[in-house]
Structures are given as structure tokens and as C-alpha cells.
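Visitor: So the chains spell out like this:
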Amino acid sequence: MSFYECMKLALSSLKMNKLRSALTLLGIIIGIASVISMMSIGEGGRQLVTVELAGLGSNLIFVQPDYAREAMSGGRVKSLTYEDAQAIRKGCPALSTVSVSRTGMVTVKHGKDRYNVSATFTDEGLSSTHEASLREGRFLSELDIKAQRQVTIIGGGLANKLFGEEESAIGAKVKVNGQNFVVIGVMKEQGGTIFGENPQDMSVYIPITHSKRMTGSNDVAFISCEARDVKQVREAMDQIQAVLAQRHGKDASFNVLSSASILETTETITRIFTVILGGIGGISLLVGGIGVMNIMLVSVTERTREVGIRKAVGAKKGDILRQFLFEAISLCLVGGAIGIVFGWAGATLIAKIAKWPTYVSLFSIAVAVISASFAGVVFGVYPAYKAANLDPIEALRYE
Amino acid sequence: MIVVEDVEKIYDTGIVQVAALRGVSLNIGSGESVSVIGPSGSGKSTLMNILGCLDRPTRGNYFLDGRLVNELSDDELAGVRNKKIGFVFQTFNLLPRVTALENVELPLVYSGVQPAVRRERALSALETVGLGERANHRPNELSGGQAQRVAIARALVTEPSIILADEPTGNLDTKSGLEIIGILKELHEQGITVVVVTHNPEIAAKTERFIEIKDGLIVREGKGADAGKMTGSEEGKGEGI
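From first to last, the protein sequence lines stand for chains R and G. Position 23 of the first sequence, counted from 1, bears residue number 30 in the numbering used here, the numbering being contiguous throughout. Position 134 of the second sequence, counted from 1, bears residue number 150 in the numbering used here, the numbering being contiguous throughout.
Treat the hints as calculated values from the structure; they're not laboratory data. Don't be surprised by glycine CBs; every beta carbon is placed ideally from N, CA and C. Among these hints, one or two may not hold up.
Simulated coverage check for chain R against chain G, where a stretch passes if three residues somewhere in it have a Cβ under 8 Å from a Cβ of chain G [as the list claims (entries may be wrong)]:
1) 363 to 370
2) 393 to 403
Straight-line alpha carbon distances no greater than 20 Å define the calculated SDA-like cross-link-like pairs of lysine to any residue that follow [unchecked claim]:
3) K195(R) <-> N205(R)
4) K15(R) <-> V235(G)
5) K119(R) <-> S65(R)
6) K15(R) <-> N152(G)
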């Protein structure tokens, strides 16, 4: 029997039981659609993170305490402080900027309005990157830090709530944790996220020299630095290590990471994330596939006599095997094709509603097509094998 | 062309072994018409299955056109069924969801005949049995007699050397039954070997030769016309008393 005839026979058999075939199809459609949409969510997220990280520039260096070592040895980790950042700034000529931040929650009050917001305690190092995101005013200067000026830069969302969208907030006085601060800058609004309001729009920047008093510590989670040139990244990293070793002793271990290595790690992590999401979709494909197998087994039993007749007139085992296998495969392929469309639509819908970027890659479509045909073979082969090996006499007698 | 030598068929049910055939030998020449008669459970269906290459003997040899059938693989048997044998069953055994024409085409599908040629040959086989106009009807739109004629057309379409008919009139009224027997007789006259399994002596009488089977053994053979006379020696004695 030719390929074309096998296909024709398979499709006509499926048409005989329209409702049943449609329901079986649905299992595969849902399976493939979820593989596609899950993978596209993961892939979209991956691209978003990667693009954002790449946008930071390839000459960035991050310094952070070695948390992994702490977790493994159980010992206390050496923490980084603002003083470390200052030492790095002085002792590393290969760096152009060094910025440091520490976050904490503060209460911001203006008149009767009162908000609990996240505060970023930082210094003038951030100004080079944040200056551009200002809606009005200026960012922190070196003098603000040194003189411990009571100044703050507030998020656009917070500014709107406290002062209205029309009013300028510059020069206004707000109370941060009960102390008077002057607003010197307002950040641009970032817009909402899937979780609603962007918390960045509601945050404030405060000179890091207030950190100890307001949060009880001036430890920082990380110090971010920028090398003067991409070629000097290696040199700068060595300089940073030298400064840290001088300040904390040779045993102190800090992670000094370049943006290239961070990008690499992030890509790996987000790729795993995509695979896990795809795997979750894969589970529903598995369930759909089992549905196909189930229906094919029922179908073989129902059509035992048909198998007997076909065998009596000369069908070989392979002919019967192919007939049933093609039915299972066509179910999975048709389901797969519809599933791709639905998955694509689903991914687009998620992108629209949740504002989460999705990306339907050719890779995810290939995965879907391959898994659909694979499902067809895997879940079709046993019922088909069963049919092919029916004894013709028994099969003819079957009522 | 059919040579059966001391064939035994034993079904192993796991608990007991049942001997359906206990040493049957027979020859059927090319172009003969033979009936196999006997009560149910006598082993005539088993013999039919072996002759039709649906089953293999446990012991003994079966030569079909000089070829030893016992040792053929399942797929080789399927090939023999496809090319040399045409089956006509008591229950017609047509595929219910396809047309008469497609049913007749079925054996040709498995022998790899091109669709256009297949259609043509199937149609001419249907015309042979007088059903050319019913080609596009489904089995449930046909009467029993018509369905059995479709089955005969299906048996004919591969131009087999033997047609094996297992109780071909068992599910038909007398008139349709006679028509079917008439067609089988015509086929025989065209030179096809026809073997009919039946319990009806009247049908056996229409064949050239009959073979009577009882308890897995051949108990009587003779001219078809004599099939209706005293069957089996014991019954003969009973009648005599």
C-alpha cells in the first residue's frame, strides 16, 4: 500500500468516528498548544532579560559577597560596605564609575499622604546611568553624599500621588522616616507590569550616608563598577580583587563578575526556565498522547473483524500495522498543526493581557512538531502492533 | 493442485488438547468442484481454514500448487491468500462502511494494483456477479443475496485458482441461496476450482465430488450427487433396523 493510500485510509477511518476523533484531537491540541505557549513565555522572558542585561553594557563589573561560599561552609560572609566602594573608586584606575546601593523600606510623608516605599541608598556613582531617566531635577552629586544632605529623588508614580501630575515636585519637602528631605529630582514613570504598578515608580533614592542611621547598617548587597574600556575589564577586576584583599585580608572572598559572565549565567538559567516550562506543557502532551493510545486500543478492539477481513484477503502484518499507526500519527499531526496555531494565539494573548513578552521561536515549533509525531508513533505503535498480530481466524469470528 | 497428506490439527487450550483434524488426506485437482460436508464440530471448518491458508496444520503436509504451505511465514501465507485464494463466508464479511466497489477492490489494494486498474477490475468482477449498478451501495443497502454476490466478486477479483466458500448460503433464503450456488457453478465452469463447505446435501449435490468429515476424519467420499444418500455407516445401520 502506498503512503498516500495509507494516509487516505487513516483519514477516512478517523472521519467515521467524528466526535471521538475530535475529542482525541483535543488532547493533542491542548498538549501541543501548551508546549508552544509555555516555551514562548519562557523564551520571551529570556530575551527580555538578555536584552536588558546586554543593554547595561559589556564593560560592567559587579562585586558581591561570596554567598555561595557562606552557604557551603556555614561561616559568616564578609559583607561589603560603602567604605569598600569608596576604596575601590580610589584604588582602581581602570574603572570609570563605581556605584553602590542598599535598599530598605521607608515611610514617605507629605501633608496627610503617607506611603511605605522602597528606598535605594546610593551615591553619585549611579548618576551617570540614572541622569537620563529623570523627569525633572537632578540626581545625587558627590557633595550630597559627603555633606549628608537631606535630599531625595522620588519615583514618578510617587511624585504624582504626592504632588499631582501637573505640579513640579522639585524643592518640595517630604518627611522620610520622620526627617525632612528636599526633593531634588523626579524619575520618569516606568509603567505597569503584570503585577500591577511598577514598584520602581514608587521608590525613592537617598544618599547612602544616611543608610546607617535610617536602616541600622551600611552593608551593601553589591557594588557595580564600569571599566573605562571593554579591554580593561580584566585589569579592573584584578585591581578590585587587590583592593578588597588589602581591606579584608587574603582569605576574604568576594565574587567579582563581569557583565559578560553574568549574561552567560543568566542565559543558562533562563534557558533552563524555558525547558522547565516546556516540560510542564509536555506533561499535557503526554496526557493527550495517552488519550490517543486509549482510543486506538478501543478502535482496534472494535475493528477486530475488519482486521480479520483484511487479513483474509491478503493484508500482511505490516499493512495492518501501518494502517493503525497512520491513524494515530495523523491524529497527532493534525492535532499538532491546530495546536501550533492555538499555542501561537495563546502566546500572543498572554503577551497582550499580561504584558509579558512572548516569542514563538522556530525551535519551539520544531519541538512541537517532533513531539507530536513522536507521540503518534509511541502511542500508536502498541495498538497497531496488537492489531497486526491478531489471528485472522479469531478476528473473523469476533462479534 | 491441492494435496493434503495426513494433516492433523490440534488446538491446545492449555488444559486439554483438542484434535480437530486427526489425519486427513485428500487431493483436489485443478478445476474441480468439491463439497466438504459434515455436522458442526466435525472439523470441516478447520479443514477449510487450513486449505485457505488462514491456519497451519499441527502435523502433516499441505501442498498448494506444489508449494508446501506449512512452513510459510504469516506474511507469506497472507500473500498466498491474496493471490491464490478467494474466500466466501457465511456472514459475507464485507467492510460495512465502504461501498461494494471498495470492498471488491480490497484484495487488489494489498497486491499493489494501481488505483485506476483496481477500480476497473473491481467493476468488472461486480458485473460478473450481476451487480454492476450497485457498485456504490454500502453493504447495509444490499440484500443478503446481493451482499454475498459482492463477496463472491471480491473473491474473484484477484483471479484466484481456488474459491473457498464456507456455508455460502447459510444466511440466505432459498432463492438467493440458489442464485449464489448458480454463480459458483458458473465460476467452476469457467475453470476455477471451487470448494464449498456445507451441511446441506442439496448444495453438495451440485458439486462434482463430496468429502464427508466426522470427528476430524474423512468418513466418506463420492460423487456430489450421492452426498444426500445415507451419511455415515452408523446412521445407515440405524435406518436399516
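Visitor: Is K119(R) within 20 Å of S65(R), Cα to Cα?
Guide: violated (45 Å)
Visitor: Decide if the proposed pair is consistent with the structure: K15(R) and N152(G), CA atoms, cutoff 20 Å inclusive.
Guide: Between K15(R) and N152(G) the Cα gap is close to 18 Å, so the pair holds against 20 Å.
Visitor: Please work out if K195(R) and N205(R) have their alpha carbons no farther apart than 20 Å.
Guide: holds (12 Å)
Visitor: In terms of beta carbon proximity below 8 Å, does the stretch 393 to 403 of chain R have 3 or more residues touching chain G?
Guide: Result for this restraint: holds, n = 3.
Visitor: Take the C-alpha atoms of K15(R) and V235(G), compute the straight-line distance between them, and say whether it is at most 20 Å.
Guide: Given pair K15(R), V235(G) is violated - Cα atoms ~50 Å apart, limit 20 Å.
Visitor: Go check the stretch 363 to 370 of chain R versus chain G for me, would you? Three or more residues, Cβ under 8 Å, otherwise it fails.
Guide: Per the Cβ count (0), the hint is violated.
In this structure, the earlier hints numbered 1, 4 and 5 are contradicted, and the remaining ones agree with it.
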